[in-house]
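Visitor: Sequence:
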Amino acid sequence: MITQEKLKIFKHYSGDLNALRQTNSTEKDTITAHDWFVIGNLLQDIMLVSKGLASEAYAVRVWEELKHACADQETVDELKKMAE
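Per this note's numbering, the sequence shown starts with residue 12, numbered consecutively.
Warning: the hint list may mix true and false statements.
[Stated by the list, open to error] Below 30 angstroms or equal to it, Euclidean Cα-Cα: the simulated DSBU-like pairs (lysine-lysine) are:
{"id": "1", "residue 1": "Lys22", "residue 2": "Lys62"}
{"id": "2", "residue 1": "Lys91", "residue 2": "Lys39"}
{"id": "3", "residue 1": "Lys91", "residue 2": "Lys78"}
{"id": "4", "residue 1": "Lys62", "residue 2": "Lys19"}
{"id": "5", "residue 1": "Lys22", "residue 2": "Lys92"}
{"id": "6", "residue 1": "Lys91", "residue 2": "Lys19"}
{"id": "7", "residue 1": "Lys78", "residue 2": "Lys39"}
{"id": "8", "residue 1": "Lys92", "residue 2": "Lys39"}
{"id": "9", "residue 1": "Lys78", "residue 2": "Lys92"}
{"id": "10", "residue 1": "Lys19", "residue 2": "Lys39"}
{"id": "11", "residue 1": "Lys92", "residue 2": "Lys62"}
{"id": "12", "residue 1": "Lys22", "residue 2": "Lys91"}
If you are wondering where the hints come from, they were derived from the structure by calculation, not from laboratory data.
Make the full structure from the sequences, and use the hints.
Guide: If you want it as structure tokens, here you go:
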């Protein structure tokens, strides 16, 4: 489940999982590589949809995935903001 805390960590490391892994930070216990992958993919998908580069069916799938993957609406909104 993607949370605002995980998004904060993702942003802090500018999406660079290797940078996180090279630290002694306890943040490594908060976010998994799978979470990192999901956040990156969702950001890419949101960008494609918002730029009109995706089909309507793909856009619907992206919004459903957002609802499923995120802990709450605030997290969905933050992901959308990050993708701008």
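Visitor: Confirm or reject each hint.
Guide: Outcome of the hint check:
Among the hinted pairs, Lys22 with Lys62 is consistent with the structure: their alpha-carbon atoms are about 22 angstroms apart, no more than 30 angstroms. Proposed proximity of Lys91 and Lys39 is supported: the alpha carbons are some 24 angstroms apart, at most 30 angstroms. Annotation: proposed proximity of Lys91 to Lys78 holds, straight-line Cα distance about 12 angstroms (limit 30 angstroms). Between the alpha carbons of Lys62 and Lys19 the distance comes to roughly 24 angstroms, so the proposed pair stays at or under 30 angstroms and holds.
A threshold of 30 angstroms between alpha carbons decides the hint, and for Lys22 with Lys92 the separation of about 12 angstroms falls inside it, so the pair holds. For the given pair, Lys91 sits about 14 angstroms from Lys19 by alpha-carbon distance, which is consistent with the 30 angstroms threshold. Using a Cα cut-off of 30 angstroms, the hinted pair Lys78 and Lys39 holds, with the two alpha carbons roughly 24 angstroms apart. The suggested pairing of Lys92 with Lys39 holds, with an alpha-carbon distance near 24 angstroms, which does not exceed 30 angstroms.
For the given pair, Lys78 sits about 15 angstroms from Lys92 by alpha-carbon distance, which is consistent with the 30 angstroms threshold. Taking the CA atoms of Lys19 and Lys39, the gap is near 13 angstroms; set against the 30 angstroms cutoff, the hint holds. Distance check on the hinted pair: Lys92 and Lys62 sit about 14 angstroms apart at the alpha-carbon level, within 30 angstroms; holds. A threshold of 30 angstroms between alpha carbons decides the hint, and for Lys22 with Lys91 the separation of about 13 angstroms falls inside it, so the pair holds.
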